[in-house]
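If you read the protein sequences in the order shown, they are chains Y and E.
Number 83 in my numbering belongs to position 7 of the first sequence; there are no gaps in the numbering.
Number 744 in my numbering belongs to position 393 of the second sequence; there are no gaps in the numbering.
If you're looking for bench data, these hints aren't it; they were derived computationally from the structure.
Here the structure is a predicted model, which is why all the values come from computation and not from measurement.
We put the beta carbon where it would ideally sit given N, CA and C, even for glycine.
A hint or two may mislead.
[Said to hold, decoys possible] Derived CB-CB ranges, DEER-like: (1) Y:D172 <-> E:K527: 24 to 34 angstroms; (2) Y:D102 <-> E:S368: 41 to 51 angstroms; (3) E:H711 <-> Y:R98: 11 to 21 angstroms; (4) E:H590 <-> Y:R98: 52 to 62 angstroms; (5) Y:R216 <-> E:E462: 50 to 60 angstroms; (6) E:D775 <-> Y:D102: 22 to 32 angstroms.
Spelled out from the first residue to the last, the chains are:
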Amino acid sequence: MSLPLLPTSVVGSYSMPGWLERMKTDYVLRRVSRLELDEIHDTAVKAAIKDQEVAGVDIITDGELRRDNMIDYFAERLPGVQIDRASKKFYYDFYDSVVRGKMPMSGLGLAADYKFLAANTERAPKFNVTGPHSLVKRIRNEYYKTEEEFATDLARIMNFELKELVRAGVKYLQIDEPYYSGFPEDLPWGVRVLNTLVDGVDARITLHICYGNRYGKPTWAGNYRYLFPTILDAKVHQLSLEFARRGGEDLDLFKEFSGRFEIGVGVIDVKDHEVESPDLVAERIRKAAEFVPVERMFVLPDCGCLHLPQAIAFSKLRSMVRGAQIVRDELKGKK
Amino acid sequence: MILHINHVQPGRAESTSGVVSTLLSLLEAGDIDPNTLGHLNVHIDWVQYKSNFREPVSIRRVLKDEELLPLADIAVDLRQLQPEMLRKSLSEALNGAGPDALDTPRRHYLEAFTPMRSSVIWTFNSIFWKYLPIWEAASGKGYEKALPGGHSDGHNIQAIQESILEFWEMLQKIEKQNLLPPEIFILEIGVGTGERACRWLDGFKELDREKGTQYYPKLRFLAADYSVATLHRVMESLHNHRDLSTFVEVDAVNPFKSLSHLRYKVMLITLSNVYDNLPTDELVLRDGKLFFIEVRAYVPATEVTRICEKYRIALDRFETSVQRLLELGPECFESLDQGMGFWQELWAAVRLEERLVSAHNLSEAHLPTGLKPSHIEGLIENAPANIRFQLSSGATESFINTIPLLHPRGVLQVQDIFVEKLTDYLHGFRGPGKMDGSIVNWVNGALLDVVGAQSGYDVHFAPFRYRKGSKTSVLYTTQRE
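For reference, chain E alone in the conformation it holds in the complex (with noise of 0.2 angstroms):
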């Protein structure tokens, strides 16, 4: 048995050695196969998010070519994990680690095993965005009270005046070159409340006015969103620059589709807390072999009987109303109440089993369009041989179908979640974690920094400074030369 820790959190050190004695003295007691024993790989992690997706104790079975191997991982969440039900969770789950384990039917799976990506939680997600007024709405909060200091990072007032410092002395620099563009144009994808961008363009304006420069008059803002009632919202809080701006609906993972016109013609691009709601898959190394994560979402079946009855739906029609929620939304149930009452409870119960898939080799990935083999290979070169880490799948395509709308001398900031370095990996959980009825994963900044190299731009981390405690770090590219 090897033993991965990944964290210790302070005043846990008993639990965590707890964890190995009861393995211990569960194999003593004969209950757990030594065949068994010899394959498994024990992670102890602290999951960050309070609402995530695992239980106290995990069991992921390991499959090569369709056949169970008998490896596999236990994975223990010290957090959730209660001291008087180490022992049952552990023994139950190492009983699921053998290749006569069957489908526990304590659960109600919602899907079969499939990459991570392509999972109902997404839809999951989907839909919050799409009924997040009404979801605000139940909850009695909006959104970003749910995050971090409960608000977005994304306005801080300090970011934003010293982002439009910087571009401003870029905008000169290039004038003294006789190279500005008559048009300068700026992008902001997943735009929001349009808070930020509005506070952005009156600080140019002011900046600008100040300065006597004429800089404003030639700015091309681009409002982007996925969502259409996001956008009409946003221009509402920028009406003072309506003459300026564009109102653009864009697919987050694919910007270029809809601006291709603008291709190597905008000069800052940034988004704020985008990447991290995008879906991802993720990869595992296991002595130097390779191998996917799929997952299959699930409800525990004495939360579906709970939920069924507090909601007054027969259990056999249980998952009929889950799809009907993912179709057609809350409404579509007999009362709202009823449907969003559904809704956010469903949620906070749904978990993911996951098992690891064996890979001969990376091209048999799912890897995200534009993302090539020798971006992962650059990334592992030199990565430790047992380590697990997100192929940020959404973002990295986003990054990817991004880049090439900047102008030669444009500059692109991401504000986000990121893990800087692939070994960071090692030292905790990175995702994926619910906030509110969406999903927050961290991303894997490391592979932005290969596919950008690839790709001609330098990628570098900036730590968010304006907050204190603040996980978010700017990611910012630079030409490479």
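Isolated chain Y (complex conformation) (with noise of 0.2 angstroms):
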């Protein structure tokens, strides 16, 4: 499958129906059972794909609609972490999760939800993981003596998971890695386990690290600055940001370091709920590639859309597809 220039893609997760919210907290107070729950994300994941089919956008996923958050999705799977299930009343809250042993190897069976993806479009489907760094920062650690031996561990599991994900057939693969922005002074073991994990695996991998999109607002503050030069270790193609909200500040940065990675520029604010007109998101791109070439970049939200109304990150992703057309055809012009 072809990409056009300046793909466009999505961040991850798409926005969460109240409904869908309501069933999940049901299931989590027992009162709806897995399997009407299976059914009932696997209706809500077709919509979020038709949405994201029908807003034009190239890489797709498929909405994160099954993922109660960015850890506990995981933290379910792992094996050797303990779970308590009393431990939270409204899903989006954050199990208690511990580890308290070695963590041994076994899969996540992650490949199913991306099968699903894969089975019900034709546009390029795209699975993300939370990265080892982000998952130490949330599942409480009895066992291992640094974070950074705990992280290791998880990356070895999840590089096997990534490789059984590669055999499904993923091809665009991106790992999260939210809390580098809350923890910079972490930053050089962060890159060193996430090598670990992304070793051998034969996909396109982005890393996408924001500040936070946890209740749709910043978790942490600061500028990309700290990510340099240590992040030029990591052994991903591409580079994930958000730029949207932040204004392009350290845009800059990346002309400084120019080459080593493409760019997925955040051209979406997803914690306002006012729509960007096509012509702002132009005008965003065309900002960005004065640092990064446009052959270089991809199009994207700051994060993902989970806590936007349907019908804004439906209209937003439009507003982003049809900025990215615009400053296409500009460049067919000057051809």
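Once you've looked at the hints, go ahead and assemble the two chains, each given alone in its own frame, into the complex.
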């Protein structure tokens, strides 16, 4: 499947409907069975896929609608992680999860969710996993001597799973590591375990780093300067970063360190309900193009659309696609 | 009949039981329609505010789809009740409970029934703040003298010092991570006289100097108030900190509107005694069914006559005089003395008649902007079947429109009178009351807790421990993980 110049994609999550939130919470509170919830998820995922397709997005996801949040989807599946099922009352809360011994090697069984996505779209499907650095910040460690040691074991287990995903057909893979921005001092070991995670994984790999999107607001503040030069050692193809909300103030970093990565440029502010016009999106792409060659640029929202109402999320994606098309047309005209 | 005793004031057990025995006596004498009694809820309260909007005994009728239901509430304020008037007051109230009861000619209504938040009493509240200096001159005392303790808890030096230290320590932690922003925004909403702001900034500057940190020059202090006159006064109070201060006119209910450029940037936001003065609605659960409270303000006819005579206003000009006061202020009368006298006595005489309006579901409720039915559902999920509580409409809206300004590591601190648990509403009357020419209401902290949780903030309450007997508490937020 060939992609156009300035391919558009989503970061991962799509708008979570209020009724699905209630169903998920009902499942947590044991009012809805797993079977019923799975059926509901299938329906909701198909709707999310359709919205992305109609909006015209090139690389799509399942909207991550099966996930309660970016941690529990993995914590529930990771071998050796103990979950206290009574510890959450609302689906979006985090389970109280803990590791009390060395984690055994085992699969997570994520391929089924990817296959469902791939079977229901003709667009390029992408699969996201939360990176080991972010996972160790939320799963309590009562065994490993250091966070890096814990994260390295997690990375080994997940590396096996990523290879399973590739065997299932995954070509676009994304690692989400928003906690880098909250713990910039961890970045050296964060990148080491990231490289363990992706070692030998034959896919186009994107590393998404934002400032958090929990409850639709940033969890941290700062700028991307902390990433450099350490991030240059990361064995990934693309960095996906948030620039729309933050105003592109540190885009210049990517001129300074150009050439190492493709850049997924965030052009949609997912923390603001006001829908950007296609012209504004085009302006943001042009601004980014001053620092990143268009041949190496992907167009994305800043982060997941989870907290946006469906109509707003859809309109924002459509604006993103139209904004990218405006710039493509301009570039074509110049040739 | 169901009797709800919300509070027993020491030494008042006799008058409480007197209410019951008088009701039974009226029934025995055939003065109460037994059909009414079967649908009656009697609430015995102790109204905290000496000055309020209640009669000693009042009736609240219940409507469903524009039709009066037999269900009715009788509210008794033991504090105002004179034992010798009990029988007469109860009898009159009960006679007003029937479906055929008409509006009483003994009341001069200032409005038709309306949700509480849009009642004319809030216009009275607005003109109080608009003409505060004139009111203070006429009453011979500053507004703060009307507060419990005679001054604002917001100015408490010990509380300010602790706030400064906590903030400085927070900045230290952020700096250790190299995440300190180049500008450190602080916002005070409802800055009042500027006294608190001045003490805070003086104290912070001193601490910064002592510790040898360089935070003070990075501070950007935003003094915010809805009154431009107040902001001018604050400019003088903050003359030592003018270089880092900005004065912003904001709507307390929607600070984000004026300050959206500071989204996610403000490290500390403080409000003192702002929420308790913002418009509110009230909801009632009766046997698990939901009702809205509607009110209409009135002045007892005897008071209308007395006030008009005293201030030489023709009776048929009473309504016009009220309208002129609310639109043009006390200066539009023949003399300022006449205007102020009329205003103060009129305000003291204003009462609220209430009725309960049945709601089919929460989507019909007058919810503040940004408040979702799911917030209320979360609040009442485990609530008692019979409870009346405030929506704290203005406070909730203000809270929702303030938290997007917070920096990810920022803190919101609100000093006010909070109802921290919904069940606390079972144990007392929470307003509205009158504080000088303004309105005071407790704030539904339990609702703010639910709203905060769904917006990514944990809401905590700490007692204000710097003044003995203070009912104030401090709401503060922490980021919810």
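For each hint, the structure was consulted:
1. Y:D172 <-> E:K527: 24 to 34 angstroms: holds, 28 angstroms
2. Y:D102 <-> E:S368: 41 to 51 angstroms: holds, 47 angstroms
3. E:H711 <-> Y:R98: 11 to 21 angstroms: holds, 20 angstroms
4. E:H590 <-> Y:R98: 52 to 62 angstroms: Once the Cβ atoms are compared, 55 angstroms apart, the range 52 to 62 angstroms for R98 of chain Y and H590 of chain E holds.
5. Y:R216 <-> E:E462: 50 to 60 angstroms: The hinted range 50 to 60 angstroms holds for R216 of chain Y and E462 of chain E, with Cβ atoms some 58 angstroms apart.
6. E:D775 <-> Y:D102: 22 to 32 angstroms: At 29 angstroms between Cβs, range holds.
Checked against the numbered hints listed earlier, the structure breaks none of them; every hint is satisfied.
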